[in-house]
Amino acid sequence: MPLPLRSGLPLLLAAALLGGCATSEGVRNPSGVPVTEMRPDERGFVAGTGIEAQDMVAVTDRMARSILGIPQISRAATPPSVVLEPVVNNTRFPVNKDIFLTRLRTQLNSKAAGQVSFLDRDLMRTLQRERELKRSGQVTASADPNVVEFGGADYFLTGKLDGMSTRTAAGTSDYVLYSFRLTDARTSRIVWEDSAEIKKQGLEDAAYR
Amino acid sequence: MRPTVRPRAARGVAGLSLPLFALLTAAAGLPGCATAPDEPRAAVRGEAGVPERDRVLHACRAAATALRTGDYPGAKARLDDALARLGGLILDDAAAARARSLFAAEDTKVFLGEPYERVMAYYYRGILYWRDGEPDNARACFRSGQFNDAGAQDERFSSDYVLLEYLEGLATAKLQGDGTDALARARALAGERFRLPDYSPGANVLIFAEYGYGPRKVAAGRYGEQLRFQVQDSPSRSARLVLHEGRTVVPLPAYDDLGFQATTRGGRVMDHILGRKAVFKAATDAAADVALAGSVIAADQAHRREQRGKDGGGSEAAAVGLGVLGVLGKVVSSATRPEADIRQWDNLPQRLSFAAVRLPPGEHAGRLEFLDREGRVLAARTRPVFLRVAPGDRDTVLFFSELPR
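Those sequence lines, one after another, are chains V and C.
Be aware that the first sequence starts at 3, since it is given in this note's numbering, and climbs by one per residue.
Be aware that the second sequence starts at 30, since it is given in this note's numbering, and climbs by one per residue.
No lab work stands behind these hints, which were simulated from the structure alone.
Among these hints, one or two may not hold up.
To be verified - Pulled a few chain V residues facing chain C out of the computed Cβ check, cut under 8 Å:
#, residue
1, 94
2, 139
3, 143
4, 147
5, 167
6, 174
7, 175
8, 177
9, 196
10, 200
11, 207
12, 209
As the list claims (entries may be wrong) - With a cut-off of at most 27 Å between alpha-carbon atoms, the simulated BS3-like pairs for lysine-lysine come out as follows:
#, chain 1, residue 1, chain 2, residue 2
13, C, 359, V, 162
14, C, 246, V, 99
15, V, 201, V, 136
16, V, 201, V, 162
17, V, 99, V, 113
18, V, 202, V, 162
What the hints assert, rightly or not - If you want the ones that stay clear, here's a sample from chain C, every Cβ over 10 Å from chain V, calculated:
#, residue
19, 172
20, 173
21, 176
22, 336
23, 396
Ideal placement from N, C-alpha and C gives every residue a C-beta, glycine not left out.
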C-alpha cells in the first residue's frame, strides 16, 4: 500500500467516526410532536386499556339515543323530570364519574328538544338558601316564595361501570361493562336499562416488562 | 549495494506512528460524542424543569412529600399526573426502543418504576380518593395497584399485597356490596402472620400508617447490568395510635413490606436484554484486546524488519489493520450500555399499615408510637398526633408517616 494512502486511511476513518457524532440523526421527533386536535371519539396515540374519552363518548351517545326511544319519554304528555344519581365505579380504573352523566344530560338536552327535563339537585343547598332569603324578605321575589316549587323526580337515571382485568406475560386485557338504568321514582320499577361493553388488550414494550 | 532504507513513517506524539496516533485521537474524541440533542423537559409543580423521561419519578416523589406534609391537593395533582402515564401502555416508543438498543442505557426510557413503585402511586391515590368521599374510585386504585403486581415470576408473589385486597373489600362493604371475597383473599395472603380484623360497618375513621425506609435499587454485575434491591430493615416493626390518655389504643401492624414486594418479583424481560448487552460488551472488549495485542506484535515485527533493512510494509499494514479493529472494538465495547435503570422513588416507606375504628366526631389528641420487634416502644420515634373526626356519613381518613418527607 502506498504510504500516503496507508497513513491517510486511519485519518479518514477517524474523521468519519468523529463526523458521525455531530448530528442528531436517528433521534425521532427531537423537537417534539405538534399538538394535534382530535375528535373526542377518535383513538389518540396515547392509549391504554382503561376507560378513555372515546369510550365515554361512544357509550353516552348510545345511551342518549336509547333513552329517547322509550315510550315513557317519547310519548309522555308532559316532559318527565329526571334526577341524575352518581355512577358507581366497580372497575380498576379511577374515573371522573360525573363526566358520564354530564355528557349524557347534555346529549339528552340537545337531542330531546324538551322531551325530558333534569332537576338540578347539585344546587339544592344554594336554591334553598335563596328561597330562605326570599321568604325573609332580604331579597326580592317574582313569585310567592312560600309556595313549594322545587320539582320532584319522576325518574332517577344512574349507571354502573363493571370491569374484569387480566394480566399475563402475553399482555393486559380489560373488559368494561357500562350499564345505565332509568328507575320510576313512584313505583321503583326500572323502566329502561341498556349497556355497552368494551374490551381492550395490549402488550407493552419489552423495556417495561 | 546498500539496501534502500525507506524514510520512516511520520511519527506522532511519543513515537507513535501517525496512523495509530490518528486512531487514538479518534478514540479519545468519541466519548465526547455522547451528548444527545436537548431532552424535552417537563414542568413539574414546585421544581425546575425535569427531563420528560423522569416526569413520573419527580411527580411521585413530590406526591409522597405533599401527602406527608398535608398538602393533599398537591399530592392529588402530582399523582394524577403520574397515573396518567402509569395507566397507559407504552408501545412503539422511541425512548423504549433506544433503552433496548446496545448503545443506550436503560435509564433513557421514560420512568414508570418497578411494580412496587407503581403500586404505591395507586395506593396513595386511593387514600386520597377515599378522603374525598369516593370509595369506589379508591377501590379502583387499590385494584389497579394489585393488578400492577400481577405477573411475578413466581405465581405465589403475584398480586400479593394483603392491604390492597383488604381495602378493596372494605370499600365494597362501605358501598353496600359484599366484601367477604376480598377479605377472604386478604386473609389467605396474610396466612398465619397475623389475623386481619373483620370489617366494621360502624367504623368512621380510616387510619393509614407507614414506617421505615423502602427498598433501594442497586446495579450489580460486572457492568451494572443486574437490577438488585437493598432492604435496610427498619427497627419500627409495628405502630399504634394511643388516644384519650391511653384509654383507646389502635394497633397498626405492618400488613405489607415493600422490601419483600420488591425482592420477590423475579426477573424482568428487560433483564434478559441487559444480560445480552453485557455479553456483547464483554465479547467486543475481549476481541479488541486480542486485535490490539496482535497489532503490537505486528508493529514490533515491522520495526525489527526495518532495523534489519528489510521491507516491513506487510507487517506494518497488518499492525494498522489490527489496530483499527482493536480500537473500533474498544469503541463499540465502551459505547455499549448494559447498565440497569436504578432511578428510584426514593422516599417510599418500608411497611404499610391500616386500621378502621369508630370515634365520635370532634377533636382527639394522642400519640403515635412505633414498636420494635419485641413490641417495645421506640420512645425517640413517638410523636404527638391531633386529629379531627368529621361529623356525618363521610369517613375521616387519616394518614401518618414515620418518614419526614
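Cross-check of the supplied hints:
1. 94: Cβ of residue 94 of chain V sits 4 Å from chain C, so the hint holds.
2. 139: Hint on residue 139 of chain V: violated, closest Cβ of chain C at ~32 Å, above 8 Å.
3. 143: Not OK, violated: residue 143 of chain V not within 8 Å of chain C, min 32 Å.
4. 147: Since the shortest Cβ distance to chain C is 28 Å, the answer is violated.
5. 167: Result: holds, 6 Å to nearest chain C Cβ.
6. 174: Residue 174 of chain V check passes; min Cβ-Cβ to chain C is 7 Å, inside 8 Å.
7. 175: violated, 11 Å
8. 177: With Cβ-Cβ at 13 Å, over 8 Å, it is violated.
9. 196: Since the shortest Cβ distance to chain C is 21 Å, the answer is violated.
10. 200: violated, 15 Å
11. 207: holds, 4 Å
12. 209: holds, 4 Å
13. C:359 x V:162: violated, 62 Å
14. C:246 x V:99: violated, 37 Å
15. V:201 x V:136: violated, 53 Å
16. V:201 x V:162: holds, 16 Å
17. V:99 x V:113: Within the cut-off at roughly 22 Å; holds.
18. V:202 x V:162: holds, 19 Å
19. 172: violated, 4 Å
20. 173: violated, 5 Å
21. 176: violated, 6 Å
22. 336: The claim stands: residue 336 of chain C keeps its Cβ more than 10 Å from every Cβ of chain V (closest is about 18 Å).
23. 396: Nearest chain V Cβ is 34 Å from residue 396 of chain C, so the label holds.
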